[in-house]
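Engineer: Here the protein sequences come in this chain order: A, B, C and D. The C-terminal position of the first sequence is numbered 103 in this note's numbering, with every residue numbered one higher than the one before it. The C-terminal position of the second sequence is numbered 399 in this note's numbering, with every residue numbered one higher than the one before it. The C-terminal position of the third sequence is numbered 163 in this note's numbering, with every residue numbered one higher than the one before it. The C-terminal position of the fourth sequence is numbered 642 in this note's numbering, with every residue numbered one higher than the one before it.
Please note that a few of the clues may not be correct.
Residues on chain C that point at chain B, a partial pick, calculated with CB under 8 Å [as the list claims (entries may be wrong)]:
hint: 1; residue: Gly55
hint: 2; residue: Val58
hint: 3; residue: Leu59
hint: 4; residue: Ala64
hint: 5; residue: Leu70
hint: 6; residue: Leu101
With a straight-line cut-off of 20 Å between C-alpha atoms, the simulated EDC-like cross-links for lysine to aspartate or glutamate are [claimed, not checked]:
hint: 7; chain 1: D; residue 1: Lys539; chain 2: D; residue 2: Asp358
hint: 8; chain 1: D; residue 1: Lys367; chain 2: D; residue 2: Glu485
hint: 9; chain 1: D; residue 1: Lys539; chain 2: D; residue 2: Asp300
hint: 10; chain 1: B; residue 1: Lys9; chain 2: C; residue 2: Glu3
hint: 11; chain 1: B; residue 1: Lys47; chain 2: B; residue 2: Asp60
hint: 12; chain 1: B; residue 1: Lys141; chain 2: C; residue 2: Glu77
Just so you know, the hints here were simulated from the structure itself, not pulled from any lab data. Don't be surprised by glycine CBs; every beta carbon is placed ideally from N, CA and C.
Spelled out, the chains give:
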Amino acid sequence: MQVGLTSYLIVAALLFCLGLYGVLTRRNAVAILMGIELMLNAANINLVAFNRFVAPAAVAGQVFALVIITLAACEAAVGLALVMAAYRSLETIQVDEINLMKW
Amino acid sequence: MPWLIELLKAIGLAVVIFTFLAVVAAMLGVYLERKISGWIQARLGPKHIGPQGLLQTVADTVKLLQKEHITPRHADALIFNVAPVIVAVAALLDWVVIPFGKLGDRVLVVRDINIGVLYFAAMSSVIVIGIIAGGWSSNNKYALLGGLRSASQMISYEIPLALGILWAAMVAGTLSTVGIVDAQVRQGSWFMFKLPSPIGWFGLPFGILASLTFLTAATAEVNRVPFDLPEAESELVAGYFAEYTGMRFALFQLGEYGEMFGMAAVATIMFFGGWTEPHLQPYMWLLVTLGCLVVAAVILTTGLRQTLLVRPILMLAGLGLLLSLVMFFGTRAGLSQVLPSLMWFLAKMFALVFFLMWMRWTYPRLRLDQLLTLSWKVLLPLGLLNLLATGFVLTVWGR
Amino acid sequence: MGELAAFMILSLVTLIPAVVVVTSSNIVRAALSLVPTFLGVTGLYVMLQAEFVAGIQVLIYAGAITVLILFVIMLTEGGTGVRTRQLNDQVPLGAMAAVWLAFVLIVIFTRTGWPTAAGVLPAYNVVAVGNAFLSDYVLIFEVTSVVLLVSLVGAIVIARRED
Amino acid sequence: MLQVAWLIPLLPFIAFWVILFRGRRLPGEGAYVAIGALGLSGLLSLVILGQVMFGGRYQATMVWATMGDRPLAVGYAVDPLTAVMLFVVTVVGSLIFIYSVGYMHGDPRYPRFFAYLSLFAASMLLLVLANNFLVLYAGWELVGLCSYLLIGFWFERPAAARASMKAFVTTRVGDFFMFLGILLLFFTVGSLQFDAVFAAVQTGSLAGPLLTLAAVLIFGGAVGKSAQIPLHVWLPDAMEGPTPVSALIHAATMVAAGVYLVARTYELFFSSPDHLALTVVAYIGGLTALMAATIGIVQDDIKRVLAYSTISQLGYMMLGLGVLGYTAGVFHLMTHAFFKALLFLAAGSVIHAMNTNDIKEMGGLAKVMPVTYVTMLVGGLALAGVPPFAGFWSKDEILLEAYHHDRTLFYLGAAGAFVTAFYVFRMIFYTFTGSLRSHTAHPHESPQVMTVPLIVLAAFSGVIGLVGAPWPLVGNMFHRFVHFEAAEGAPFDLRFAALSTAIAGAGILAAAVVYRWQLVSSATLRRVLAPAYAVLVHKYWWDEFYAVSVVRPVVWVAQQLRTFDVYAIDGAVNAIGVVFVWLSRLYRVFDLYVVDGAVNLVGWLAKAAGGRLRHVQTGRAQNYLLVIALGVIVLAVIGLTR
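Please model the complete structure; the sequences and the hints are all you need to start from.
Structural biologist: Below you can see the structure in the form of structure tokens.
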């Protein structure tokens, strides 16, 4: 049996949903970031898989995957910096306790 | 079932390499470390077990194997036990892409991946995980501090390391380790002494700068003096593996030495022509011997007791001279390869290992701020500028 | 056959730790179990003949981002965080949403007839990627680099203590 | 070298911009730049002169724009006339530049002065190099502009400001005619290239009264620029400008542009039916020569004397051109450029020493400033037309031509020559002989930077005439160099030369009698010749005439228009304004109660709705995310079920 595009997509989908679950249910900002990373990875799997199976000649998928990885690194850096700043000023990184802007 | 065959082959190779490295890297490494430190500190080093204490580390390994595994009570047992494995495995995985030499036209390498050096960098970056995990899971403040320090240090020195790798990859035009060595053969010079053809000797600084950047970063990557803050015995007992005992401790050691040898090997491949003979460069032997003699002279002028210290270096100089002469007449006599390429590779690798150990026993430890300053304010700009300049030269005057 | 086996193994290596990541109440374990997930994804990349992306994946995700996350854990609340409540009050809804989304996505993926084109990637596609970056996607490349710089500066400025 | 002739105007032009922007930060505050640029141009034009002497000719043209089917070309040509003009302009110009370094020393707008000078030099050279009416007209207007700027250089002095305005407006009148002429040519011939026009004239496609009209219109421009009757009134006032300006623009180069124009387009004048156009030129020239000279007698301002002298000399040139003495006219143009520049600079040096223009206050300066005296004497002799000085050869030729062509004109010229000699030596005697009349001034010799150019110019004025002298077995070199085939000059006549010398001598003698030895006091002369004196003092009432005939009507019309403007137009505007104010008052009420009411209503609604809806917003991103996810699922399901 051949491993086709669909199987990769399914794996990606499951990974994405796990990440989504994490993002939705975690209270810890860092954990939420982890979930986001998972989702980004899922997206990358999709891109690379499409690149491999749909348009093998072009490398667009890989290019975008690389760009996403880069931006993920940026996002992690800035996000974590924000988390630390928040912790420094509020002594917590539980997102539902950070509600100064709430009505 | 071809894939099963493949799998078995891979496993076999893994075992072979593991044993080889366990022996070479850890045991021989530790032995060399002791001996060289002995020389440098005007001691004798291990002497009793085996001729010249050759079997000392074997004995130590046996002892470590017998020892009991202690897991601290409040430690996170799972992570605590996994961490050393991560380190050791990652360090050994480095070796998948290292070509040791050439038999006929067949390169002695496990896999010639087309992203070889990148793979190497990736693997060596995975080690950080193991270290930080071990440091954290030991539930010991020294271990945690050591782990965090080590992590920060390795993260920040991965960048100069990557810059050095990038330099070599750019000059060679490929990421594959074998390809890089071939490129050096093709371009007729080691990359350390790479002379971009038209600007001749003015090109010399590029290669030397890149290789020095790489070597410095590599020293920091393997947490050795002068960058050994993470495991500074005098401050943090032993850093992240303070709580480890027995074979796990040995695994950390293995990982460390494997990493060190791996760095030396990659440096050899990227900057010192891999398994090729130095007679690619007519002036190489002069450089080798003269360099050694100069070093010897320098040490003779330092205030240490000289006899024990100078001996190895003079030996190295003599070795260089000998080899060079042999090669000289060998090539005159028409031999295509005087010594087997494996010999060459190991010789170069161990020369670099010696260099690392020599540094370790010569220099004091840096402060943390000095460490980071060196990485971010010296190595990084230097590497970037070097990369730019070399790229400019290559684009303008071609390879 | 072998391909299938490899795929299965890698998928499990990817997904099982991912479950740990999102469920474990021990934040450090969650962070550490990111590593096998990323490595599994890397394996998938390799199976998809995207070696370069795989290498970068290990270097950045496993090597850098995980370490960064661990750092922040250590520097903020430290510890495992087992004592604090890790999950908020929308677990059931969230779980439902995730499951349903997974279901829907899988249905969609299986139903859609993808225009799969035969043919293989350029054998040494690092070169291809590099050329693509510097020819067709050079603008993206530049913008990304600028974003990197900005985020570097921004992260430093944000995380710096004012004193 | 001929090909790079375009460099000649370009260099000063560049200098102009450089000085304009770098100004005081330049070496010598810009002066050196200007001098260097023009000096280079001078060298170039010398080389070019040499090449042209040995038969070099060059012409370059490029189409600049196309009007309908007619191309507008720009270009430059180098031929003997141009070469001579280039030589004169650059040499005299650079000498005057050098002089200015000393004369303008310490002036607050020192760099700007040199910038303007450079711009002027550039435009003049452009004018000279032009090979069609378009470029020539451009240069023409540019020099006009520079003249305006430089006359009014000391614009703090209302006299200077007024003078510059007067000069500009007056020449503008001439330029208007010239422009009409050019348009006429363009629409009859269809091209502005000189050679095209001349070809049209020779083939006879442009002939008869139309040709005459064109020629006379063009001549109108020359009249304006060269201050011929009736547009001469601006030149004397232009003396308000700095003396180097007077020397460069209002003696040597710009005012000569008119003469150059006539010489350049001589074909037109020559071919007009029975030389009608030429006759006009000749008579205007002759009258101007005599009239201006006579006015020059009674002027006390040293510079004004020279100004009127310039006018009359220009008249001579016109006269020479008019009586078929093409060579003579151009030759006089060249010589005059040198000695008149010399005279002006010498006068400037005198003024520099005395701080006054009034010759009645001077006297006995010969002892104090010998260099100035000698050089001025040379200039005076040259102007009076005493052999072997420059003026003699050219003026003699002109008179000769006039004699052979038309007696009336000859008499006018001869009289003019006499008067010329008279007034110039009157001025010299007043200035340099006798004893100093002013008790406030402490005259002193000028610095070398001023005297050296004087000496050089004096040398030129001494010898430059010889190139037009009838040498044995070489003949008149200048004549062979610059000439107009159809108008061959009459042969040199020794008796006639003696006659013109005698006239000059007589003039000098008369001046000496009155002002040197004072056998007859000037007061008695004034009493005896009271009516003539009145006429001369009032400059033949030209200014008054213009005041009555032109200025007053214009002013009257302007006042009427102002009244109309104030009462009719402003009134209308104000009325409209009032109406709108009332309308807007009405509108305000509507705005307050209707529009604002609506707005407030909307605002209130939004507020109330927000108050209800705000509970939906938990402020927790995760909730929103959850909703988003659910929404996505719903959408996907919908998409699937369809």
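Engineer: With reference to the structure, classify each hint as holding or not holding.
Structural biologist: Results of checking the hints against the structure:
no. : hint                   : in the structure
1   : Gly55                  : 4 Å, holds
2   : Val58                  : 4 Å, holds
3   : Leu59                  : 5 Å, holds
4   : Ala64                  : 6 Å, holds
5   : Leu70                  : 5 Å, holds
6   : Leu101                 : 30 Å, violated
7   : D:Lys539 with D:Asp358 : 18 Å, holds
8   : D:Lys367 with D:Glu485 : 50 Å, violated
9   : D:Lys539 with D:Asp300 : 13 Å, holds
10  : B:Lys9 with C:Glu3     : 16 Å, holds
11  : B:Lys47 with B:Asp60   : 14 Å, holds
12  : B:Lys141 with C:Glu77  : 15 Å, holds
Going through the hint list in order, the structure does not satisfy hints 6, 8.
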